[in-house]
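> Sequence order for the protein chains is A and B. If you count the first sequence from 1, position 197 lands on 197 in the numbering used here, and the numbers rise without skipping. If you count the second sequence from 1, position 101 lands on 101 in the numbering used here, and the numbers rise without skipping.
If you are wondering where the hints come from, they were derived from the structure by calculation, not from laboratory data. Treat the hints with caution; some may be incorrect.
Mimicking DSBU-like on lysine-lysine, the simulated pairs with C-alpha atoms at most 35 Å apart in a straight line are [as the list claims (entries may be wrong)]: (1) A:Lys270 - B:Lys87; (2) A:Lys224 - A:Lys128; (3) A:Lys115 - A:Lys262; (4) A:Lys128 - A:Lys45; (5) A:Lys262 - B:Lys87; (6) A:Lys270 - B:Lys216; (7) B:Lys116 - B:Lys216; (8) B:Lys87 - A:Lys215; (9) B:Lys190 - B:Lys87; (10) B:Lys216 - A:Lys262; (11) A:Lys122 - A:Lys262; (12) A:Lys122 - A:Lys172.
Listed below, chain by chain, are the residues.
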Amino acid sequence: MSGEVIGSNRRLDSNRVISYRSREEGLSSANVKISARNLNFFYGKSQALFDVSLDIRERMVMALIGPSGCGKSTFIRSLNRMNDIIAGTRVEGEVLIDGHNIYAPGMNVVNLRRKVGMVFQKSNPFPKSIFENVAYGLRINRLANRRDELAAMVEQALRDAALWSEVKDRLKSSALSLSGGQQQRLCIARALAIRPEIILMDEPASALDPLATAKIEELIVELKSQYTIVIVTHNMQQAARVSDSTAFFLLGKLIEVNSTEKMFTAPGEKLTEDYITGRFG
Amino acid sequence: MIQHRHLDDELNSLRDRVLLLGGEAESALERAMYALMERDSEVAREVLAHDDAVDRIEIEIDRQCIEVIALRQPAARDLRFVIAVVKMAPVLERIADHACNIARAAIDLNNEPELKQNIKLRQMADHASSMLRAALDAFTSNDAAAAREVIARDMEINDLYNQTFHDLIEMMVSEPSTATRDARMLFVAKHIERIGDYVTDICELTVYMAEAAIIKHSN
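Extracted from the complex, chain B is given alone in its bound form:
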């Protein structure tokens, strides 16, 4: 019979906090995109107002990881879990920061005449959200194979970003009067593309956690 470990309670609590932070990041991205697509500045302002709460969760995770390392001295898979979490929390917080940047762009763009819809931005954001969900699932189930599948999907976001980039440059050339708004859209696209990269980082940490393999920078 395996005896109960208080460390497990603390690690489970850390896992829950990471999922909470991940959920906040995912929600911030979806709401920021809604604000942009539906021209709803109120929702964008709500995203910005909520960011402090997201930051607080990250700090709580940091504090709890330091406590576990100092007081429990975890080893082996427990250590890898804590290391993965301590590195994952700021990545999730940065995803929420990118969502805030999208919300700021939405507020600015909503004050201007509406641009021709760029459908690929929506597609990009949906793809990033779906990747983030899958990455958090892989983390929860300690599933390296699932994490690797998510990493492979980052290529699709990169392709969509390249297409969007060219589309927006063409729009700037063909209609210079919209160039400022096009440039803002380009930044939005870049933020989503960066979120894809951060999701990849999360998955790399899950692979480390599950297999003790360091795969970042491997390609």
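This is chain A alone, in the form it adopts within the complex:
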């Protein structure tokens, strides 16, 4: 029979075997969504990023790794201009999203942040009901015209964040009554509700237990079919599990960017290898 390899006591779907693609193969065919070009960032006189140029591909997961203070959080926050709210900061260079420089004069930052959602290390639900947490962004952005439409969009966002089955019977309960992992997924649902194209995650699972972490990681892998995801993580196994490509930062410089497969089996730079094998002095 076509498409089946018949062995002595089992049948294999040869199409499934042949259609398997490594994460690296998928990476090479994806378009560039975000492109940082010669990005320098300053907190007052202190320079935090040095000439960083990095392409992030559409509907792929890019992990940013590096020791504390290496600039990875500064970099991820520069992708939706979250650093703008810190006094005394300065940016040089460009960040292009779909080819448009987000630091160009006249850029609408509110629209930018609608397009580029963010999830933080510490879950930060509003002190409102579960429903209202997700509905909030939809209301202020006037994305739902009717009550039933709003309810449907909230449900979809909660489903996309793999939280619906756990909260559908208590949507009016306070978001603060949820567990840490559920709160984090609620924040992801809140970010997804307004239909961003890019999701930035700054250590989204670092405060969660292993089961809640596993759920977030599964969610990240599910979400990449619809969103471009950039994640900062200190957990190298997490970077290996969820990302398609990985960038290693050290002292504000981008040392290496590579497919995650290469990064964890045969990195190109000795500094990268020393970091991921724990040989750092």
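For this one, chain A is given, so just place chain B on it according to the hints.
What follows is chain B alone, placed relative to chain A:
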């Protein structure tokens, strides 16, 4: 200053175990060939009796590799080292198995009248032993260039095997009464030739370990 890693202690211990297994395989081959050439069945039986100890080393290496992967999650060169070792250990164990097959052939042949010496078997075995030693040296020093040199030497064993094959076929034709013994010798030659192939596998793994390059099946 590079800080001490406990993982290094475990990887060094794995390396030592691979060298121990390699040494056992090398010794088994040399002793089996001695048993064959010197018609010493006692030595052949010692080779067979010692095989369980060799198997145990392989199992220990397997167990230790699983432990390192599960508990240490090695990456990059550490990962390549562990992967190389986990694939190398059964290859070394199989070399020892081939040596046992040679020892069994020696016991059978030693019960029969002596055949005209086939000098190329000795040459083949010496060559295989020397390749194995060089392969283990290349593994120890993480030297891909040295491993590639050993791979190139497998051609010489193949040539010696082809000559031996023709010589033994000629002997069977010219003196059919010795055909059974000639056939046993042919199997011995084949075992040595296979050992050369296994040494090549070991060297390919060393190249992977050192350079992250997969060179098997490349020719």
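> Of the hints stated earlier, which fail here?
4, 7
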